[in-house]
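Peer 1: Below, each chain spelled out in residue letters.
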Amino acid sequence: MPIDTGDTAWLLASSALVLIMTPGLAFFYGGLVRKKNANAIIMQCFACILLVSTVWVLYGYSMAFGPDVGGFVGNLDWAGLNGVGLEPNEGYAATVPHQAFMIFQAMFAIITPALIIGAIADRMKFSAFLIFLLLWATFVYNPIAHWVWAIGGWVRGLGALDFAGGTVVHINAGAAALVGALYLGKRRGFGKDPMLPHNVPFVVLGTALLWFGWFGFNAGSALASGGLATSAFVVTHTATAVAGLTWLIISWLHKGNPSLIGACTGAVAGLVAITPASGFVGPLASIAIGAGAGAFCYAAVQYKNKKGFDDALDVWAVHGIGGTWGALATGIFAEKAINAAGNNGLLFGNAAQMIPQIIGVAATWGYSMVVSFILLVIINKTIGLRVKPEEEAVGLDLGQHAEEAYVD
Amino acid sequence: MPIDTGDTAWLLASSALVLIMTPGLAFFYGGLVRKKNANAIIMQCFACILLVSTVWVLYGYSMAFGPDVGGFVGNLDWAGLNGVGLEPNEGYAATVPHQAFMIFQAMFAIITPALIIGAIADRMKFSAFLIFLLLWATFVYNPIAHWVWAIGGWVRGLGALDFAGGTVVHINAGAAALVGALYLGKRRGFGKDPMLPHNVPFVVLGTALLWFGWFGFNAGSALASGGLATSAFVVTHTATAVAGLTWLIISWLHKGNPSLIGACTGAVAGLVAITPASGFVGPLASIAIGAGAGAFCYAAVQYKNKKGFDDALDVWAVHGIGGTWGALATGIFAEKAINAAGNNGLLFGNAAQMIPQIIGVAATWGYSMVVSFILLVIINKTIGLRVKPEEEAVGLDLGQHAEEAYVD
Amino acid sequence: MPIDTGDTAWLLASSALVLIMTPGLAFFYGGLVRKKNANAIIMQCFACILLVSTVWVLYGYSMAFGPDVGGFVGNLDWAGLNGVGLEPNEGYAATVPHQAFMIFQAMFAIITPALIIGAIADRMKFSAFLIFLLLWATFVYNPIAHWVWAIGGWVRGLGALDFAGGTVVHINAGAAALVGALYLGKRRGFGKDPMLPHNVPFVVLGTALLWFGWFGFNAGSALASGGLATSAFVVTHTATAVAGLTWLIISWLHKGNPSLIGACTGAVAGLVAITPASGFVGPLASIAIGAGAGAFCYAAVQYKNKKGFDDALDVWAVHGIGGTWGALATGIFAEKAINAAGNNGLLFGNAAQMIPQIIGVAATWGYSMVVSFILLVIINKTIGLRVKPEEEAVGLDLGQHAEEAYVD
Amino acid sequence: MLKVEAIIRQEKVNDVKNALSNAGFLGITVYDVKGRGRQKGYVLNFRGREMRVDLIAKTKIELVIDDKALDEVIKIIRENAVTGNIGDGKIFVSPVLDVIRIRTGDRGKEAI
Amino acid sequence: MLKVEAIIRQEKVNDVKNALSNAGFLGITVYDVKGRGRQKGYVLNFRGREMRVDLIAKTKIELVIDDKALDEVIKIIRENAVTGNIGDGKIFVSPVLDVIRIRTGDRGKEAI
Amino acid sequence: MLKVEAIIRQEKVNDVKNALSNAGFLGITVYDVKGRGRQKGYVLNFRGREMRVDLIAKTKIELVIDDKALDEVIKIIRENAVTGNIGDGKIFVSPVLDVIRIRTGDRGKEAI
Ligand SMILES: Nc1ncnc2c1ncn2[C@@H]1O[C@H](COP(=O)(O)OP(=O)(O)O)[C@@H](O)[C@H]1O
Ligand SMILES: Nc1ncnc2c1ncn2[C@@H]1O[C@H](COP(=O)(O)OP(=O)(O)O)[C@@H](O)[C@H]1O
Ligand SMILES: Nc1ncnc2c1ncn2[C@@H]1O[C@H](COP(=O)(O)OP(=O)(O)O)[C@@H](O)[C@H]1O
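Protein chains in written order, with the working numbering: chain P, -3 to 404; chain W, -3 to 404; chain S, -3 to 404; chain X, 2 to 113; chain Y, 2 to 113; chain A, 2 to 113.
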């Protein structure tokens, strides 16, 4: 098929939109931490852009989407983008240049490890983070992306539906986040000091950029302009609004005050949950998915607060639980009427769709937790993961980067 | 007609652009208020996204654009997006999925009530605001959108030209803002305390996001990519720049200092004024419209300052007066040479175009003021509109939301 | 050729993306200066949008791209966009409305003088700046844009390759910046007071918006959607990531701490350097160009620090040197296989390509420095360039604009 | 000479400041502080985790005056800062040995 | 009456604040300062240009107390603010002549 | 012992700070304040509505010294903070009864 200018325009615009999500995340996280750690967490997000982009071109894309090796990972034939040119790759996206598909996928590879950062905030050495990032992107993200999305990937082979990354991106990051938070241990003063978000407008800015960029993430995953992209766009927006509203109301009833951070967090939970479903479900289903996201993720945060583990910015609750709900909801609400290339779900008479969905979810949780743990242990035993107590006290901005976020 | 990928790409991109305008507005307004109320005003804007999006899918789109009932409002046949699918609706936009048109319009429904917030800043209960928002979106926005844009709408039937919402969005919001500011009364300390904007860079960020997003608002209103979208894009940019420059110079001559907030406000006034005209006028006309916007809105602000009513962030002056100027200017400068589906205006030999323009303007002012007033009175008599004096003194962030914008 | 909706959608989206770069730059610069000058530098950037947009429509586009006069500048036939309509101009862009090309180019004309502001930060009168801006846009930018990009331009005639503005935008601004910094002299207290950046998150916000917008800058310069735009997008992203990583690592080794501002600055250097090459080189070349940008621009900053001239925010080092490296690297790495309309460079057997590249670079440096100097001298001798010492001490926000950036 | 330090509600600063200047007390120094007294703090939320913030934002007004002016100054501050509710604040009075005007070098009462 | 001003590490504020209230010293005023003492500052970078920042962010806790409470207060502050490293801070004690509760007008010890 | 509080122009802080350390006065505490004196404030605009802001941003430098050092310290501050224009600021001197070094518990002059 020839290249379609409209499809390519949409995919390039979507790629730009997904890129801006990572700075969006940096502001979302940056606003939530204390002032003295603002630069450090933004830096970690920014480092994901720099490092993952570089290795994606060098070998990451090849590992994730290159010629299949046993359903598990791609080989290195496409390293350095060898053979990844400006003609379409019919298997992935028939009407846009292959490189457009490649760069769109690069943006997903960037943001996934960046999501983890919220869990390990305010206490990890930057050098250790960089090494973790490199290893995790290589040995966790690339294989899981291959399983689910690549031609020959084993989860894809089962017929699991994940339109834009509920498993690959969100469960994957949420699982690593949980392991990271538990293995690193609590921040100093956790449970005693207030540790209030230092800049709520930044949280809102981050949420806005995430929401804006997520249209590229989900509607761009149609890999073409037209009906499917439109449908994904619409359900993304709807689920997000409903989830934000749900969280706002539940937390208001529960705690007595309508929280702006709560509304933002709920919206992000909605974005997460609709992600895998976005190309397969209709608007009314998206309302249900959004409401579920707001409720389940809020409950997960309360559970975490009670258990007292220090997933500092709730990556597990929002991305892990939200992604899991979304992946299962895809199995419930999917409709062939929306996307003929998808499948019907439970509600449309195909209960069997739940099986590949559950397998995909379980495999991602398991693989990500185990390998993330191994990587963390290795780094901890060699160069060490955690900053010195004095650095934590004075803040990572000065302690690790010799640069303060704000100077009067 | 089949779906055009380029047109759909542009309309989806435009929808994303219009969405980002409301967070943009949140920063514009958030920067202009005092620190202690920053979260609260951002929260109100954010709530517009959450609540209006939800009800738009449930019944709003149907009321605004669904099958006509007496020229006044749509019926509920399209509630829950029933029948609003992925095929084009030829009557509204022949080359894009119907849902793409629907979601594009959703973004307009979101930002319109958000504009009002600037007038009632720093003194309204959040619960009262939410109820007002729901009622206003339902009983003010939906009907007026129907009158002007829907098939069968009575103002549209008169031949009034409003390309992207001079009446529906700006006059509508400006009229409600005036009523709200007067009925709520002044902020405590108004005229005595300085009440200076707490964060001018946020005001600029907001302006930038508004300008950026407004390309989607106006050029997206062509509902297709190509010549008309390009023309709307060009005149939008030009009028905005000229209006910002005009305000900057006038205020500099008048007050002795070149004000950044002034330049931003002028730019927004230009964006407002070009909105209804953007699909009907050429570049030189846009210069005139921009210059008029800068001058008239600046004068309106001075008038308000003299009268001493507390439209806190000048919604009436910028959106009400700017929108009125734009709607009338459309009747003056419109050219069939730019848009064959439009009409010629006064300057092109068709003075009669002024009549439907004036009727559209007057009807919007009248309806919006009356119904907004009724809604406010009802809410005030039941749950009350205004926060307690102590809450106003300590700021709405703590008083209403138990959440501070900034923590050291 | 008829108008292509996909190409037009991409060019309009790109125009919006390039517009947002100037506010991005305002935040990049605004975060780097001291608090007391934040508004003033943002204001200067914003004024570029307002003033240049206005004169671009009036006469700037005609001077830059209008009918050629002796290879040096365009005549005024297209003043007021006379004859610049909604049909394609086949010579510039065959598948999009002529006005779309015009407005895309407007955004380049805006940001180029805005880049200079970083060099002269914190000490120039706003009135003097506005006059300088008007004269510089007219007598420096418009001619150089004509030389390099216009039909009939003499540098273009030599076969020099500059895809998106390495000479026209970056060398041009960097050269003027150097002259401006030297002629204005140092900021008061330079070398004695810390003068630390007051808001690093704003620097990151600016970097993010620049990166995001630069996809429009470079990939939009294909003036069409499809393979070439995709290629430009991919190499832009890759070079930027590599440059940021390079700067981060070099400065970390050199100074002992991983700096977030350093990573951002490196990314910007990469964006600059890939600009002229972006439509002519492949992904591996972009890695080399990015690495070079990080290294050479870092070295240039160190050189400046040693010499002690006060190019406050390193415009010379990043844009002047980065642009020069990019323009030469285009001559080294260009490949006809990427862009048949381009040429092969040194590495692909065509050493002769270096000659027009060097001539383009040298001509831009020479012309920009000389004319910028003349303009500065004229303004200095008439109304004066520099603010009063007290104004500099109290900050330009109060001294020049009577408006503080932040109020508690 | 005496130094009067008044810790008051932020929303009262303007009134106190203006009343002082009307009475001829131009020289003042003002800064934001946080305070704890009998007023209970706020309970803030972060995603449902409650955190008591017992320090409340207040403003401190400092002015150095002649001994004779003390009662008048206290009266002005109280009149303009009082609401009758807990949290109105306190005034502390302490001795000052000398005052120097930097510009001129004047010392003592002349320099106040 | 005495005024105790303690300049301490920011990360110790919570501990000191809580220990004081446990011992019944509710009234305090707190604000952020920057200080220089024996502790060396930080060297910050801006694009490879090094800049020594010798003022380090500290917090000042101020409380006015009855003379008799002085030793107890000093003990509480020291116990909760000490790390044993340079930079732990200082306590200054100075005389206070009078205290006025704005709300009621109470003066002297009653008003502390 | 004495406490010297100097309220000076913000742009003079570096000079004063450096001059003090050159003369051996290392220990200082610094914070931003706003002040009103004889200097008129600024008139700020918000969309053409004028608002007089009579409080101007200043910096306060506080240092506790031995009585003997007073004249030298005052001289250093004045020399480095003076411009000769209104707004140069003031210095207040007040008594200090005791100083405690938190790290060691040293008291009195030794602890300054
Ligand atoms: N003993 C004290 N020492 C220092 N500051 C105090 C003391 N008591 C009160 N304050 C300050 O005064 C402010 C108001 O005190 P509060 O007890 O709330 O007032 P009131 O006694 O009128 O109710 C506190 O926030 C605190 O800053
Ligand atoms: N003479 C002084 N006058 C005013 N403040 C002082 C003085 N000496 C120390 N400080 C304050 O105390 C803080 C801690 O002092 P430092 O010398 O670092 O503590 P330590 O003596 O325990 O090492 C300083 O940052 C400064 O704010
Ligand atoms: N009586 C006072 N009490 C407290 N602070 C004062 C007093 N007089 C002056 N100040 C402080 O000193 C600063 C400078 O005072 P100013 O009168 O402008 O200086 P000068 O007398 O040299 O012109 C003021 O901004 C204020 O902070």
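Just so you know, the hints here were simulated from the structure itself, not pulled from any lab data. Do not rely on the hints blindly, as some may be mistaken.
Result set (EDC-like, lysine to aspartate or glutamate): computed pairs, CA atoms no more than 20 Å apart in a straight line [as the list claims (entries may be wrong)]:
id : chain 1 : residue 1 : chain 2 : residue 2
1  : P       : Lys188    : Y       : Glu12
2  : Y       : Lys35     : A       : Asp55
3  : P       : Lys182    : Y       : Asp16
4  : S       : Lys303    : S       : Asp189
5  : S       : Lys188    : S       : Asp404
6  : A       : Lys35     : S       : Asp64
7  : A       : Lys35     : X       : Asp68
8  : S       : Lys31     : P       : Asp306
9  : P       : Lys251    : X       : Asp55
10 : Y       : Lys35     : X       : Asp33
The structure displayed is predicted, hence computed values, not measured ones.
Peer 1: Evaluate each hint against the coordinates.
Peer 2: Okay, the hints, checked on the actual structure:
At most 20 Å may separate the alpha-carbon atoms for a hinted pair to count; P/Lys188 and Y/Glu12 meet this at roughly 12 Å. The straight-line distance between the Cα atoms of Y/Lys35 and A/Asp55 is roughly 25 Å, outside the 20 Å bound, and the hint therefore fails. Between the alpha carbons of P/Lys182 and Y/Asp16 the distance comes to roughly 18 Å, so the proposed pair stays at or under 20 Å and holds. Taken as a hint, the S/Lys303 and S/Asp189 pair is honoured in the structure, with Cα atoms around 17 Å apart against an allowance of 20 Å.
Taken as a hint, the S/Lys188 and S/Asp404 pair is broken in the structure, with Cα atoms around 28 Å apart against an allowance of 20 Å. Of the supplied pair hints, the one linking A/Lys35 and S/Asp64 is violated, its CA atoms being roughly 60 Å apart against a limit of 20 Å. The hinted pair formed by A/Lys35 and X/Asp68 fails the criterion: a straight-line CA distance of about 24 Å is larger than 20 Å. Only pairs whose Cα atoms come within 20 Å are accepted, and S/Lys31 paired with P/Asp306 is rejected, the gap being roughly 35 Å.
Between the alpha carbons of P/Lys251 and X/Asp55 the distance comes to roughly 18 Å, so the proposed pair stays at or under 20 Å and holds. Straight-line distance between C-alpha atoms of Y/Lys35 and X/Asp33 comes to about 15 Å, which keeps the hinted pair within the 20 Å bound.
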